[in-house]
Amino acid sequence: MLKRLMKSALAACVVLPTAVMAADLDGMTPEQLLPLAQKEGSVTVFSLSSRIAKIEKAFEETYPGIDLIGLDMSSTKQIARLEAEQQAGVHAVDVLYIADTPVVFSKLLEAKRIVNYVPPRVAGQIDDRYKGPLLTQRLSTKVLMYNEKAFPGGSPVTNLWQLTQPEWQGKVLMVDPSQRGELLDLLTEIALHPDEMAAAYKAQFGKDIAVDADLQGAGEQFIKDLFANDLILVPNSDVLNKSVGDATAKNPPVGFGTYSDRRDNEKEGWALQVANNVEPANGILFPAILTIADKAPHPAAARLLIDFMFGDDTPTGGAGFEPFNVPGDYATRTTIAHHPDSVKLGELKAWTIDPAKTAAARGRVSDLIITLQ
Amino acid sequence: MTFISTFAPSGGRRLLRSGFVMPAILVAIVAILVVAPLARILLSTLTPEGIAAWQAVLVSPLSFNLWWRPLFNTMVLGFGVASGCLILGGFLAWLVVLTDVPGRRLLGLMGTLPYMIPSFAAALAWGTLFRNSRLGGSAGFFETNGLAIPDWLAWGLVPTAIVLIAHYYSLAYTIIAAALSSVGADLVEAGQMAGAKRPRIFFGIILPVVTPALIAAASLTFAGAVANFAAPALLGLPVRMQTLSTRLFGMIETGQNERGFVLALLLIAVSALFLWMSDRIVSGRKAFVTVTGKGGRTKRFPLGAWRWPLFAVAVTIGLLTTVVPVLVLAASSLAPQSGALFSNWTLHFWIGEGGGEIAQGQAGIFRNPVLIDALWNTIRLGLVVALTTMLLGLALAYTIVQRRGSLLATILSQLAFVPLLVPSIAFAAAYIALFGAPIGPLPSLYGTFALLVIAASAHNLPFAVQSGRSVLGQISADIEESARLTGAGLLRRLFAIIFPLAIRGLFAGAILVFVKMVRDLSLVVLLFTATSPVLSMVAYRYAAEGFMQFANAITLVILIVCLAASFLAHGLQNRVQKWKQP
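From first to last, the protein sequence lines stand for chains Z and S.
Just so you know, the first sequence maps onto residues 1 to 373 in our numbering.
Just so you know, the second sequence maps onto residues 1 to 582 in our numbering.
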């Protein structure tokens, strides 16, 4: 008993200062963090992108003496691993570079397995909505894509409701939203905008929408009608891009895909283009976030790394951001210029998801699409 | 070694001999390795969210699409694939092992290959040939040449089942061939002398002798088919065909873990029921214990006029299931555009210098500095896991066979089968939670190679146990009993009698484990904290960046590693079983 008391007293001695320190660390500049981080010696990051290898090189060159250990794994695996580790009392990872924010929000943030950190150096250059509850580093897309070779006059779709018409029967593709979180988030976002969907319905058909009794709002009605119009589900974006983008296709389908995949057009022989002029929106922008694991073993180095991954003050963001600066993805830091070849962030007609709201509504939409299959 | 047999049995050895200690240790090991993670998964479905998940899956408006229809598809696939694999694999094994068909070595090699090629390659190959206009994009070979392919042949259950049979039949072949090769020639000769006709020898002698192997093969191919994700996802989703594996993957991928776990537990329960029934069939007929190892090479049947036609059939099967997928893989590691597999080939993705226009300046895989490291890691991991899994599997199979029909054997064999059906992400998470913290005096295993090996051994246990059982079931009890009577201890009996006799089956199992381990990603990613990755992780990195050519090149490297391992095992088993050599 005494031993246990001693132990917890000892533990308190160790934990309390670090708790105080964490608060201090949040306010420090990179210059102040550096000596502390060098004393810690290393930083471990789980990354959704394998481009972390490039960051590793750049980070270790900029801050010698800190070893960056980057492990790339999908968001789902990061969440599973962090949960299991913390349940076992293991605190081995410092930084998570992760998407799938609705799940991160409900499983990690609400369970206090991660803490939000905003580097003071760049705090003034990021919109407030990207700073909390989780810090967004960049935005990716799931938007309506079409084939610009087959439709040289621009997008063949100007209103989402057109996709529920016979003209597009069996000609709309989507990665199965019951298999992939981002597509579920896309449909959830549509369900969360019933008024806009109702207005778009009226604009398309000239009459008010009649929503089925068991559905909530025009968004859910759209999802039901879309599935009823033989929406084709595919297993991954590769299949989708080939089907929608094939530059030689005569009468290709359209699909909800990733805007930045357009950068592969030349390499793959695709003609992917975003359908931007779509009522009420062409899809979603969703965040990739940087966050610190609870009780991170290297708290100063973790903060230094997150700071580093927001780039330097140049328009490209320098070595810390450049690997992620692809056309069709958008940096949240305002000093980083968006790629000249892509639609500007402000002009892209996509809804930006709110992880908390999406997390709350996602279950219902997921159940709805299961019944529709 | 001789002193062991002359030494008076000590108390400890008497205990060993009393057959109590070994089963007790095994039960403890299985409890820790299999039951504990399973219990943890079960417990997580007994929380309020878990109960809601049980309700949603079983009794809600969702349950038809979430459970019943996927269950139906899964079972059709499972039984269809298992029977297809038995027919195809059994036919090939019979042809290669028991007949004088020409080119037996070549056929045998082709029979083992498909399992080493990832199933997505077979699915892609199917798509290359049969893809129709449903998805848009470029059509498959047949449609391009004016032959309309109906949806049911391009997508859904039929193509999925065919692709899975093409992938898993080699698993059945491996196990059945191992069992057939130990059918004593004396049995067959005795039959012939007694004037039995060929069909009678086949149905009266050979078939009963290999029944344990048939059932082992059926169970493993069944489990493989119901757990496979790539083929049903690629070929089923476009017509909204969901199986339990795609549902399970989707549930976990969209953060609804409890529902995923409920589906996994139900799938385990259903499969366990079928396995139990097949166990009953085997243990109901003790006559399956047969004689092997009494010298004598395998007796070959002359095929007569059928030699060449049957050879042609076997070669066609081999060509369709190995050469075509390998060609598609190879082509896709050479073609700059994934949509045009057979044009503008370049070796850039293998040996290119990088810095140029191709592949955003990335160099070929053989210029990737981590490749050699990853290759070495991969081989080490595969070998270690194959070894530990086979040791554990042999001990388990031995106990199960010795106590055939007993409650203990039934429970052990059921439990040893379960890990194949537990989603590896849940399995790995359970292992981190169980062994991440120090247990008593034992240190935390978090992030160690040891934890990965333990988890992987448990996860691959079914291969070892099933293949071990199928061979051990053939070793006659009288050889072992005579050894026991002369005073040989358990270890000596294992190494002097059981091991040499069962070696072919053991190596067959070890190869299956090795292949699975070398290809499998999920466990490694979750349990390994090393900066020098394994090959599958390197392939994943390339694929995640959209460079399928590099990823496919690595897949081919993995295939070559697997092939080399299988040659090695073949050589070793011939050295041990010298009496088999001509």
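Hints in this document: simulated from the structure, not taken from any laboratory.
All C-beta atoms, glycine included, are put in the ideal place defined by N, C-alpha and C.
A hint or two may mislead.
Incomplete in silico selection of chain S near chain Z, CB under 7 Å [unchecked claim]:
(1) L237
(2) G436
(3) G440
Tell me if the interface restraint on G440 (chain S) is satisfied: Cβ within less than 7 Å of some Cβ in chain Z.
The hint is violated - G440 (chain S) has no Cβ within 7 Å of chain Z, the shortest such distance being about 15 Å.
Going by Cβ atoms only, is L237 (chain S) closer than 7 Å to chain Z?
At about 5 Å, which falls below the 7 Å cut-off, the nearest Cβ of chain Z leaves the hint on L237 (chain S) intact, so it holds.
Hint check: 7 Å Cβ-Cβ cutoff, G436 (chain S) to chain Z:
holds, 3 Å
The earlier numbered hint that this structure contradicts is number 3, and it is the only one.
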